[in-house]
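Visitor: Letter by letter, the chains look like this.
Number of protein chains: 2
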Amino acid sequence: MSVVYDKVALIGLGLIAGSISLAAREAGVAGRISGTSRSAKTRAAARDIGLVDEVADNAAGAVRGADLVILCVPVGAMGRAMAEIAPHLKPGAVVTDVGSVKQEVIAQVTPHLPDHVHFIPGHPLAGTEHSGPLSGFAELFQNRWWLLTPLPDCDPGELSRLRRFIRALGANIEDMDPAHHDLVLAVTSHTPHLIAYTMVGVADHLKRVTESEIIKYSAAGFRDFTRIAASDPTMWRDVFLTNKDAVLDILGRFTEELFVLQRAIRMGDGDQLHDYFTRTRAIRRGIIEAGQDTSAPDFGRSVKPTPPRSE
Amino acid sequence: MSVVYDKVALIGLGLIAGSISLAAREAGVAGRISGTSRSAKTRAAARDIGLVDEVADNAAGAVRGADLVILCVPVGAMGRAMAEIAPHLKPGAVVTDVGSVKQEVIAQVTPHLPDHVHFIPGHPLAGTEHSGPLSGFAELFQNRWWLLTPLPDCDPGELSRLRRFIRALGANIEDMDPAHHDLVLAVTSHTPHLIAYTMVGVADHLKRVTESEIIKYSAAGFRDFTRIAASDPTMWRDVFLTNKDAVLDILGRFTEELFVLQRAIRMGDGDQLHDYFTRTRAIRRGIIEAGQDTSAPDFGRSVKPTPPRSE
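Protein chains in written order, with UniProt numbering: chain A, 1 to 311; chain B, 1 to 311.
Hints in this document: simulated from the structure, not taken from any laboratory. There may be inaccurate statements among the hints.
One copy or two, either will do: identical chains are not told apart, so a pair holds if it fits within one copy or between any two.
[What the hints assert, rightly or not] The list that follows gives simulated cross-link-like pairs (lysine-lysine, DSS-like), each with its CA atoms no further than 25 Å apart: (1) Lys244 / Lys207; (2) Lys244 / Lys216; (3) Lys216 / Lys90.
Just so it is clear, the structure is predicted and the values come from calculations on it, not from any experiment.
Work out the full structure, taking the sequences as your base and the hints as a guide.
Guide: As structure tokens, then:
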């Protein structure tokens with residue numbers, strides 16, 4: 001693969017930024033990669049393991065001369081990051097982001113955007129419950145979706161160049177309208193996360209069941225929830241605050257539906273429960289056929305293709 | 001390992017029964033294993049792959065001469081299974097079960113129990129989202145918990161013999177009071193399953209988001225939910241109908257807690273969300289330390305130690 005951007009700058013050095021750097025290095029699509037973080041500890045850790053070619057002390061230093069700048073900070077920090085880098089951007093540079101919410105990021109970023117810079121919002125649907133500069137790995141994006149929500153005035157040449165870079169990281173790309181993106185993600189990711197957090201909180205509060213019992217007897221259901229609920233608190237706080245309308249809409253539907261099943265349990269309506277549970281199996285089959293998961297049974301002690309660098 | 005029971009009979013030939021047979025055969029703890037199912041198709045499939053030494057056409061035939069009988073049918077069918085086998089049980093035989101609810105199984109089974117037979121209720125905390133005679137595998141119980149809820153008049157000699165058998169399958173054993181068992185499982189397994197079913201149902205009903213979008217963009221959160229929601233509908237219907245009180249109790253707490261977080265989102269209270277999400281991380285760490293899961297990041301394409309025989 002040949003170099004797509006001579007210099008790529010990563011603002012933020014967490015799981016996604018680290019994985020981008022490692023994957024881009026493997027693919028040979030970045031001439032050189034700089035990065036920065038507001039946390040001195042994170043910068044030092046990134047330097048220690050050589051996560052990027054150059055760890056800059058601040059955003060201005062990182063973006064100097066960069067052809068592609070990727071904002072890899074929590075959604076709530078995107079506006080501030082953009083304001084910081086704006087005066088230092090190279091004319092003609094492309095800025096993209098990896099935020100899980102798109103309308104809010106666009107609203108935060110565009111006011112700070114210099115005229116001579118292209119902004120193409122994006123969102124890789126990939127992650128693990130780990131975070132920080134040591135959690136990245138090159139295979140994170142392999143066969144995952146990377147959604148782009150280009151704005152109406154997007155430069156077609158720059159869009160196709162960014163796509164070439166992203167595809168080289170292993171991801172499949174699809175374009176989407178920002179509002180539709182936020183709704184789809186509220187259903188497939190944001191609300192499930194909130195529910196998992198809630199269920200883990202309920203277990204934690206229950207005095208009659210000890211924490212040791214919950215931990216020991218975390219059968220498959222709860223174990224998966226705790227994995228989801230271990231995700232980065234700052235990132236998720238920002239997701240819920242910035243995709244509020246879609247999440248509240250889906251939560252309302254969820255509660256309604258839950259009450260229907262709760263009533264079926266209370267009334268002893270086995271047929272209704274059985275019908276419902278049978279229908280939900282079909283979606284799962286679709287996901288397996290779409291290649292987003294395997295049909296191998298998960299019994300909690302998976303051997304992973306690539307271990308994280310450390311925890 | 002030496003033979004613990006000369007003949008073991010399995011009533012039901014699904015995931016759990018199949019895994020018991022394969023694990024007991026590997027461990028050499030059963031002289032011979034018979035099994036039966038009410039479904040002719042299941043019996044034929046079990047015969048085809050030699051899942052047990054002898055597939056009997058009915059429960060009476062399967063339990064004839066058996067020293068240990070394991071009821072591996074859905075919780076709602078335990079009473080009927082016990083009534084069927086009762087007249088054919090060998091004097092001194094031990095009957096156990098693998099039901100996910102214990103108070104209801106005890107209430108269903110004990111009225112049919114002959115005086116000369118020992119009943120020791122049990123529940124292996126192991127499973128996958130697959131079901132049926134082809135889904136079993138010998139390693140299912142390795143390092144998993146197998147809870148026993150012995151009744152007050154339980155014969156200590158027979159209890160320790162059953163423990164020897166279960167340990168040989170790879171499981172760790174703990175005793176628990178039946179009511180406490182049902183509460184603990186309502187928190188760690190039953191309610192999480194209902195919630196996963198509900199969320200998958202909400203996604204299915206949402207007209208503005210297509211099924212193909214849900215399937216394609218099932219980021220980590222939703223993918224785990226669909227896996228849980230793909231579990232056997234009959235088994236889960238029975239769980240909710242028979243552990244009604246504990247599940248409704250936990251569901252009530254869950255909804256309360258969800259409303260608190262929902263309100264925090266609506267009011268924009270980021271601190272409350274961040275605090276909550278930070279606390280839930282601790283439980284996850286406990287589960288990893290307790291050895292019930294690994295800290296390797298799960299990004300959805302796990303390589304499994306043992307593939308299922310087929311799907």
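Visitor: Starting from the hint list further up, note which numbers the structure goes against and sort them upward.
Guide: Hint check: 3 fails alone, others pass.
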